[in-house]
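2 protein chains.
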Amino acid sequence: MKLPVSTEWVLHCATTLAQLEPGVTASTAQLAQYYDLPAPYLAKQLQALVKAGVLAATTGPRGGFRLARPASEITLLQIVEAVDGTSSPYECREIRRRGRGALPPEDCRNTCVLAEKMAEAHEAWRRSLTGVSLADILASLPPSAPARTRSRLAGTS
Amino acid sequence: MKLPVSTEWVLHCATTLAQLEPGVTASTAQLAQYYDLPAPYLAKQLQALVKAGVLAATTGPRGGFRLARPASEITLLQIVEAVDGTSSPYECREIRRRGRGALPPEDCRNTCVLAEKMAEAHEAWRRSLTGVSLADILASLPPSAPARTRSRLAGTS
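Protein chains in written order, with our numbering: chain A, 1 to 157; chain B, 1 to 157.
These are calculated hints, taken from the structure and not from any lab test.
The reader is advised that the hints may include incorrect statements.
List of simulated lysine-lysine pairs, DSSO-like, C-alpha gap at most 27 Å [to be verified]: (1) B/K44 with A/K117; (2) B/K117 with A/K117; (3) A/K117 with B/K2; (4) B/K44 with A/K2; (5) B/K44 with A/K44; (6) B/K44 with A/K51.
So that you can see chain A by itself, here it is in the shape it has in the complex (with noise of 0.2 Å):
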């Protein structure tokens, strides 16, 4: 059960962008640079979270991704399900239907108590990242990290 590397990549990008100025974008090459990541790839994952809603992108020459909400109002979840998905990593194939020990179909209306099970278990997961917001992430940084971000972000510092 792995996601994918490019998840470290989207949560940090996405606290990057919450500790810019409102109304300033950073393009994907400053924050390939920012991160030293592969432009082209990371290009595509901050597209998943537009198409997510999470970041707005602006076009033009200075063109770039802003937040598209307040840091408080996106969560850590709709980061990680912007660029894995949404569905749980059990996939129940409904082995109880099959070989000498199927089950008739009237035993199988229920969702099986296994699936269930293991479907509490990702919401209890799904729970604990929609408890976090950018907002709180930004609440745990040292008072001076946007302003260093900034500079850095912007190549003059």
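Assemble the complex: chain A is given as a structure, and chain B must be docked to it using the hints.
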């Protein structure tokens, strides 16, 4: 983020073995026929459960598998981690130390707050599955299930 397909197999096989009379075992061939699964690959998964202390294997012409402990002492987490390992789905490669935004070592003494929140979510998932034992699963089955399971597994019905 996907668990192996065999996760469903081992959860069901352990539930099946939990329904046998004390001292009775089932062979790989019996379990494979019961769920119509490929025996060689299932054998590998059952060995992983033995290694994890969930099942005990007996050898000889009547050899097979049984639970290594009472059903109340075997959790879904132990079964799932026997085939998928214990590592978190989130991989932190410390990109905070890389590129133009690289943080100095003194700012990286603590775990990155994003990695910390992802680890908390994984712990919530593990806690959920630790809270469910095979005895809990058995308690949710219809009272007629164990007798049916035994006769189908033995091939006598």
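Status of the hints after comparison with the structure:
1. For the proposed pair B/K44 and A/K117, the alpha carbon gap of about 24 Å is at most 27 Å, so the pair holds.
2. Distance hint between B/K117 and A/K117 is fulfilled; the C-alpha atoms sit about 23 Å from each other, no more than 27 Å.
3. Using a Cα cut-off of 27 Å, the hinted pair A/K117 and B/K2 holds, with the two alpha carbons roughly 16 Å apart.
4. The straight-line distance between the Cα atoms of B/K44 and A/K2 is roughly 21 Å, inside the 27 Å bound, and the hint therefore holds.
5. Note on B/K44 and A/K44: the hinted pairing is violated, with a Cα-Cα distance of about 38 Å set against a maximum of 27 Å.
6. For the proposed pair B/K44 and A/K51, the alpha carbon gap of about 41 Å is over 27 Å, so the pair is violated.
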